[in-house]
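A.B. asks: Protein chains in written order, with this note's numbering: chain A, -16 to 100; chain B, 937 to 1667.
Bear in mind the hints are in silico, worked out from the structure with no lab data behind them. Where hints are given, some of them may not hold.
[To be verified] Derived DSS-like pairs: lysine-lysine, alpha-carbon spacing no greater than 25 angstroms straight-line: (1) K943(B) / K1509(B); (2) K(-2)(A) / K1349(B); (3) K1392(B) / K1442(B); (4) K1392(B) / K78(A); (5) K1660(B) / K1616(B); (6) K1392(B) / K962(B); (7) K79(A) / K1392(B); (8) K1392(B) / K77(A); (9) K944(B) / K1349(B); (10) K1425(B) / K938(B); (11) K51(A) / K18(A); (12) K18(A) / K(-2)(A); (13) K943(B) / K1442(B); (14) K1165(B) / K(-2)(A); (15) K1442(B) / K938(B).
In this text the structure is predicted, and so the values were computed from the model without any measurement.
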Amino acid sequence: MSLVERPDDFETRRKHLSSLSDDELQARFWELVGKIVSPLVEEARTHTTPSIERSVLLRMGFSSVEAKALVHRLNERGLLAHGAGRLILELALKKKIPLREAGEALVQGRYLNEVAP
Amino acid sequence: MKLTADKKLDLSEVLEDLESYRPRRKGWTWRKGIENQEIGAFVYKDTSENLSHCVPLTSAHAFGDIDPQCDMVITTEIASGNFEDDLRRMRMAAWHGADHIMVIRTTGQSHIDGLIEGTPEGIGGIPITRKQVRATRKALDAIEDEVGRPINFHSYVSGVAGPEVAVLFAEEGMNGAHQDPQYNVLYRGVNMHRSFVDAAEAKTLMADAAILQLDGAHNANATAKEAWKVTPELFVQHAINTAYSRAVGMPAELIALSTVPPTAPPAPKLRLDLPYAVALRELFEGYKFRAQQNTRYIEADTHEASVTHVLDTLISRLTSADIQSTITPDEGRNIPWHYNNVAGVNTARQTLMGIDGITQLLELKQDGVLREQARELKERAVLFLEEILEGGGYYAAVAAGQFVDQGYYPERKGDGIVRDPEAGDGAGSVIPRAADYGAPVCGHFGASLYHRRDGKPCAEYGGCTLCDPTKIQYIDELDAEDNVDMRLKQTLADERQGLLRPEVEKHGDGIVCVTLFVPESPQVAEAAALEMARRMGLKDPEVISRRLMHPSEGSVFEIKGVLDVAIRVADLKLPAREAPLPESEIEAWVRGRDIHLVAATVGEDEHSVGLHEILDIKHGGIEKYGFHCHVLGTSVPVERVIDAAQEENARAVLISTIVSHGNVHAQHMRRLHQIARQRKLRQRLVLIAGGTQVTHELARRCGLDGGFGRGTTGQDVASFLVHKLRDQRID
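In isolation and in its complexed conformation, chain A is listed as follows (with noise of 0.2 angstroms):
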């Protein structure tokens, strides 16, 4: 791809700037990097990632070396989208045992069928 090359042409592109107050211009500074970021936060809150995942197995009392591998497993099985620490949770309600307990399972390869969003 061929990058724009442009000379400085900052004295015509400025024109619409020029009448604006220092205050004029600065709200429309921060105006402008409300609309590139809103997007971008949107897709943050609506998104996971494996990093994520991991995070909140950490959270719940997991070490990194199992969350690493409950966040493997679960991934495998697509089923990150419900979240691994919810799954893992749900899995330790339906059986009663403690939440460690379920996830020590997961990581050993047992539980791994019942385990359902």
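With chain A held as given, fit chain B onto it using these hints.
C.D. replies: Chain B in isolation, oriented as in the chain A frame:
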């Protein structure tokens, strides 16, 4: 764990019981500013609370050893590769005024998908792991108790494991962290979607733990050839990270902009950098500023780097800064050496003491060029934002190479960094959340079944690790070979045997640096300098700095090499250092004995300050004990001094001799002894010399009774006189 000044940091104690260690606080700490603070003879305008233990600037000797602490937090960046070596470096930096310790991560940690555990060795930084963070924080707790001021610990939440690192930092009480998804995208080749989605979670966790966030915009300065031309874009990068952080809930007081004055002399630095600094602070009013010193234009000359850093620090004071970050002056030539961390901190400390209160005397002219340039920069930044939106948003703009183009925007050189939004590290790993997505933990961002108006999301299982730290899983080591215990074997063996080696970076690395001037043309001179270093016994000598003095008259070189020598402490012969007599004992003996002394600066020498400090009552000199001092002034011939001693029936002569060209100071001392002997006064007179190049041993070799160098006090001299005169049994 408690530290005392006379003991080294005990690494075994640091590593003990880490599994049960908990940080004593969370969140960032600012210095407590004190207006109009009286310190020594002065009233300071921009200082904060004093330290309980410190190493003052060397000139402080003339001002009662004061060490005023500026009101900005002072940062030092540490990157040795072994955290156990970093700890000693942190302690030394803290004694010189650093209260923000930034630990650089090992090369490549950005690309590791998950947390690292244990204490493996790093390259250009340390692998950030729970054990290292914990051990470091534990040591910093002890160091902050020792110096009497809280120390902020800081590292990086970037790469493809951002949310996990953020959890680690929140759990372990990290106080500050870099977090900026743009950094991942532009410089680390991490997929854009992954980087921004991860960032929202990481920032939420950081806000929850009150961790101060620094952004990554300053990296554009470091990358661009002409760093002053990327300034409009820097506003844009700061703004994107700031607005993104605010949108995910981070409060303004936790957001710090990482900003660097972009140029260095011989560029007209302040004329370019000041309008930029002013415009930045206006656009981002309400946020914090972490002013970094310039690294872009540092070469191998540490002195030149320091001068640039003084000017950077001046800009911080003339505009504003909440944190003054320091750069080690040797960053342009090697991995920073620990004493250069101290040098960097001292550059900021010395500058900020020196310009204390300057804003009461000076203000920036608000009409003319400053205003015009600030306005122009802001307009260029607004145009940059307009083009991002016209082109379809942030991802499209990066794909089109709009960022880190060398042109002065809207000028474009067509050499920007280009990234494909669907490629990069972690591409394709971002997953849409299902309607029943849930994350039953605190510090979580975005859609989740567990977001409740009442009660915590982790209530169902008794609380997450952020609420109940006892649930944190601590892993000690995963690698039986690459860990701190293995590395410490050598260190501890040396210590047990009482062996000492020189070092600059890691324990006992043996590296030394010699300075050589060689009077030849550069190429010949350099070859000769290296050969000289080899003959000094240095292994692997390497030129780390070459400065031309004149194309044919010569160059000066700094050469590092390994001095493979271990010194056994037990074999060292230390000069005996007696403690001076107590003041009351001196005075009790002197008063009433009517003891006269004659003093002068001898030779062609106009220095008088040192002598007055030893003699004058107002400087705490020996007059106060009751000696009668006859001061003859400066540039006094040695004969004249002895004449006066005879006239005054003196019992002692004190000469000051500062100038030492051609060993003239030693000649004066010898002459004093000879003339006293010729006149048969030698038995009666105690002869003493003082001066910066004088030592007790040298004075004794010249026939005198004693000599005193730098750092001598009136009490030292008075005590010596009393000992000598008592021995002569004068009554």
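A.B. asks: Compare the structure with each hint and give your call.
C.D. replies: Hint by hint, here is what the structure shows:
1. K943(B) / K1509(B): holds (21 angstroms)
2. K(-2)(A) / K1349(B): At roughly 22 angstroms apart (the allowed maximum being 25 angstroms), K1349(B) and K(-2)(A) satisfy the hint.
3. K1392(B) / K1442(B): violated (46 angstroms)
4. K1392(B) / K78(A): holds (23 angstroms)
5. K1660(B) / K1616(B): Holds. K1660(B) to K1616(B) sits at ~18 angstroms (cutoff 25 angstroms).
6. K1392(B) / K962(B): holds (20 angstroms)
7. K79(A) / K1392(B): With Cα atoms ~21 angstroms apart, K79(A) and K1392(B) stay inside 25 angstroms; holds.
8. K1392(B) / K77(A): holds (21 angstroms)
9. K944(B) / K1349(B): violated (54 angstroms)
10. K1425(B) / K938(B): holds (24 angstroms)
11. K51(A) / K18(A): violated (36 angstroms)
12. K18(A) / K(-2)(A): Satisfied, since the Cα-Cα distance of roughly 22 angstroms is no more than 25 angstroms.
13. K943(B) / K1442(B): holds (19 angstroms)
14. K1165(B) / K(-2)(A): holds (21 angstroms)
15. K1442(B) / K938(B): It holds: about 23 angstroms lies between the C-alpha atoms, which stays within 25 angstroms.
Hints 3, 9 and 11, counting from the list given before, are not met by this structure.
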